[in-house]
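Starting from the known structure of chain H, arrange chain C on it as the hints suggest.
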Amino acid sequence: MAIKRRDFLKLGGLTLVGTAASAAVENLLIKGEAKAEGYTSAPESLKGKRWAFVIDVKKCKENQSTCGFKCIEACNAYHNIPNIPDPKKEIKWIWKDNFEHAFPEESTNKYLVEKLEGIPFILLCNHCENPPCVRVCPTRATFKREDGIVMMDYHRCIGCRFCMAACPYGARSFNWYDPRKYLSKVNPLYPTRTKGVVEKCTLCYERLADGKVPACVEACPAKAIIFGDLNDPNSEVNKVLEERMAIRRKEELGTGPSVFYLID
Amino acid sequence: MYNANKVIPGIIIFILFFTAPIWLNFGRLEAIPQPELPKGEKKCVESKEYMRAYHMKLLDDWRKKAIRENQYIYINSKGEKYRISLQKTCLKCHNNREKFCDRCHNFVITHPDCWHCHFTKEEAKKWQ
Chain H
1 MAIKRRDFLK LGGLTLVGTA ASAAVENLLI KGEAKAEGYT SAPESLKGKR
51 WAFVIDVKKC KENQSTCGFK CIEACNAYHN IPNIPDPKKE IKWIWKDNFE
101 HAFPEESTNK YLVEKLEGIP FILLCNHCEN PPCVRVCPTR ATFKREDGIV
151 MMDYHRCIGC RFCMAACPYG ARSFNWYDPR KYLSKVNPLY PTRTKGVVEK
201 CTLCYERLAD GKVPACVEAC PAKAIIFGDL NDPNSEVNKV LEERMAIRRK
251 EELGTGPSVF YLID
Chain C
1 MYNANKVIPG IIIFILFFTA PIWLNFGRLE AIPQPELPKG EKKCVESKEY
51 MRAYHMKLLD DWRKKAIREN QYIYINSKGE KYRISLQKTC LKCHNNREKF
101 CDRCHNFVIT HPDCWHCHFT KEEAKKWQ
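Protein chains in written order, with my numbering: chain H, 1 to 264; chain C, 1 to 128.
Simulated from the structure, these hints should not be mistaken for laboratory data. Please note that a few of the clues may not be correct.
To be verified - No farther apart than 30 Å at their CA atoms in a straight line, the calculated lysine-lysine pairs in the DSS-like style are these:
(1) H:K195 with C:K125
(2) H:K59 with H:K10
(3) C:K126 with H:K181
(4) C:K64 with H:K185
(5) H:K212 with C:K78
(6) C:K125 with C:K43
Bound-form chain H, shown alone (with noise of 0.2 Å):
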């Protein structure tokens, strides 16, 4: 049985006109489903345009010997970060280390490594203004919001750890398991991560959104964390920042990085 041409252009004609109307029944339904009036920011939510920290050296080195580190301990339990012995595989968001591995580049300034010698300085991400890992993310589950926050979106991350090489001060950490093995604590308002993402500081975002200050800041008893917004020339960093001597860190690298330390 041969098919007429007539016949042929006719079933032709009507598979066209039925697949267009498919395609505006499919339209109406999806449009159905967006049901939300809207979405906005919390009233009460901390507004910046660029956050940042500025780390007092000396209160918090006067200080170390009574606090017990709790900018590192509230971050901890606060973000439900495991506690895994082993170094190369530990989660840190928060954390002290040495001038001499804090300030590589500074390690031949004979003058400043006497002063600042042996110092456990608090490092963390430094939410740069300029932040390689956020170049290097294949899958953009690091990104950098509008208020100069570095976040990952753990739901994208794919593991590839990128970021953790690009990343110039080692504030990325890998998760080799599963981290709720290694949790003695946990705080049910904050999720854990999963194996297999990268994780690091957040900068709270989710306590901005509630109008509190990050967890290590409001933790810290000898006030040696300022938090604000270097964006307003009113906040509080800005004024510490005009007055007193700061420093970066790897700040040659051209990162922007926005965590001080006040060094006089």
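Frame of chain H, contents of chain C only:
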């Protein structure tokens, strides 16, 4: 048709075999999942029907809006406001994974990886 006496019964047996699950479960209703709704709470952020069909899409939008655009408040179709957070908002009422989430997910054999990171208070006790 050649060998019709063999081919036609063959086709019938084939069709019956492949549709066996339909006939075996015909009229049985107990297989339909019955998720247990949270006690004490009468309404979710959107209607039951909407949540049933589109909760995964809503959660996806929530995530994008909250962490990428810093928009932490969801205004629902009635104009009510909710804080965007799986841990703080959803799981506050839906606090039983086995009796709520898993009942449908297991039925349709979908295993979303939400629970690799998110957890309920009850669950945390197990691995603590």
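| query | Failing hints, ascending? | reply | As far as the earlier hints go, only 2 is violated by this structure.
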